[in-house]
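> Sequence:
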Amino acid sequence: MKLRTLPLVTELEQQGFPVTTYEGMPTFTAVLPKNVILELSIREDVGNISLADIKESPELNSAVPNSLAPTVWARGFTGSGITIAILESGNVAQNNTYLHHAVATRAVGVSWHTTMVASVAASFHGTYRGIAYGATVLSAGEDGSSTDTITALVWAFDQGARIVNFSAGFEENNNINWTDRAFDYWARARFRFITKSAGNSITSASITSPGKAWNVLAVGAYDDNNNLDWLDD
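In this text, residue positions in the sequence shown follow the numbering used here: the first is 2, and each later residue adds one.
It is worth saying that the hints were derived from the structure and are not from the lab.
You may find that some hints are simply not true.
Derived pair list, reagent style EDC-like, types lysine to aspartate or glutamate, alpha-carbon separation capped at 16 Å [stated by the list, open to error]:
id: 1; residue 1: K56; residue 2: D144
id: 2; residue 1: K56; residue 2: D149
id: 3; residue 1: K56; residue 2: E173
Computed Cβ-Cβ distance ranges for the label pairs, DEER-style [unchecked claim]:
id: 4; residue 1: V220; residue 2: A108; range: 54 to 64 Å
id: 5; residue 1: D234; residue 2: V20; range: 11 to 21 Å
id: 6; residue 1: S207; residue 2: L9; range: 50 to 60 Å
id: 7; residue 1: W215; residue 2: L4; range: 52 to 62 Å
id: 8; residue 1: K56; residue 2: L33; range: 18 to 28 Å
id: 9; residue 1: A190; residue 2: L232; range: 20 to 30 Å
id: 10; residue 1: T21; residue 2: W215; range: 43 to 53 Å
id: 11; residue 1: S207; residue 2: D54; range: 27 to 37 Å
id: 12; residue 1: L4; residue 2: N226; range: 32 to 42 Å
id: 13; residue 1: V111; residue 2: D230; range: 30 to 40 Å
id: 14; residue 1: K35; residue 2: R189; range: 31 to 41 Å
id: 15; residue 1: H126; residue 2: N226; range: 17 to 27 Å
id: 16; residue 1: H126; residue 2: T22; range: 39 to 49 Å
The model shown is predicted, which means the values in this text are computed figures rather than measured ones.
Where a beta carbon is used, it is the ideal one built from N, C-alpha and C, also for glycine.
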């Protein structure tokens with residue numbers, strides 16, 4: 002993969018443009034002026050040009066009381082032996098004693114949202130139990146940019162994560178953006194499961210990126226009205 006991008010990367014660096022590459026994926030990011038971008042757009046060795054450095058916004062804002070998870074637990078599936086990476090612009094609080102924490106952490110600073118998402122996924126609290134309460138939580142912190150998010154995603158896979166949860170989003174449109182392509186690539190390359198929040202918007206018909214990737218499961222939400230009756234959901 003590196004050989005495919007190396008000539009162009011070298012050419013841009015020789016022109017004075019810092020370039021960030023992503024090991025194993027035929028892509029790179031750089032801040033370029035308009036005239037250079039236009040020149041790249043007509044080259045045969047350039048497959049796609051996308052706006053990459055987008056800032057994310059959090060999206061998870063609901064719990065899971067109506068999921069029928071206890072039925073699955075009764076069959077012996079609790080997440081035990083599985084590592085779930087929580088990929089967000091913040092870290093899971095290590096002092097949360099109701100989580101099985103992985104030793105490794107890609108540290109960027111503790112976040113309440115990240116900790117909440119991890120708890121929904123894997124808390125073993127007696128009352129507020131997560132969906133996979135036996136799973137180990139890996140905190141893959143990133144700085145909120147799409148470029149660092151991909152770096153953190155690959156880091157999580159390198160640490161042994163079988164599942165990655167990304168409860169944030171980038172572009173809210175109907176386009177296949179760079180993050181969609183990147184998440185899709187790594188899901189296929191590592192043969193791992195990635196789930197992503199569809200988005201919190203009630204006015205847009207679009208799913209936020211990278212939820213439009215072919216190999217990423219975008220998950221919506223519903224209002225359960227705080228009871229177990231499905232008829233009023």
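> Give a verdict on every hint.
Outcome of the hint check:
1. K56 with D144: 9 Å, holds
2. K56 with D149: 10 Å, holds
3. K56 with E173: 12 Å, holds
4. V220 with A108: 54 to 64 Å: 27 Å, violated
5. D234 with V20: 11 to 21 Å: Check failed, 49 Å falls outside 11 to 21 Å.
6. S207 with L9: 50 to 60 Å: Since S207 and L9 have Cβ atoms about 31 Å apart, the given range 50 to 60 Å is violated.
7. W215 with L4: 52 to 62 Å: 25 Å, violated
8. K56 with L33: 18 to 28 Å: 19 Å, holds
9. A190 with L232: 20 to 30 Å: 43 Å, violated
10. T21 with W215: 43 to 53 Å: 25 Å, violated
11. S207 with D54: 27 to 37 Å: Violated: the Cβ-Cβ distance is about 20 Å, outside 27 to 37 Å.
12. L4 with N226: 32 to 42 Å: This hint is violated: roughly 56 Å between Cβ atoms.
13. V111 with D230: 30 to 40 Å: With Cβ atoms ~37 Å apart, the hint holds.
14. K35 with R189: 31 to 41 Å: Holds, at about 33 Å.
15. H126 with N226: 17 to 27 Å: 23 Å, holds
16. H126 with T22: 39 to 49 Å: With a Cβ separation near 42 Å, H126 and T22 satisfy 39 to 49 Å, so the hint holds.
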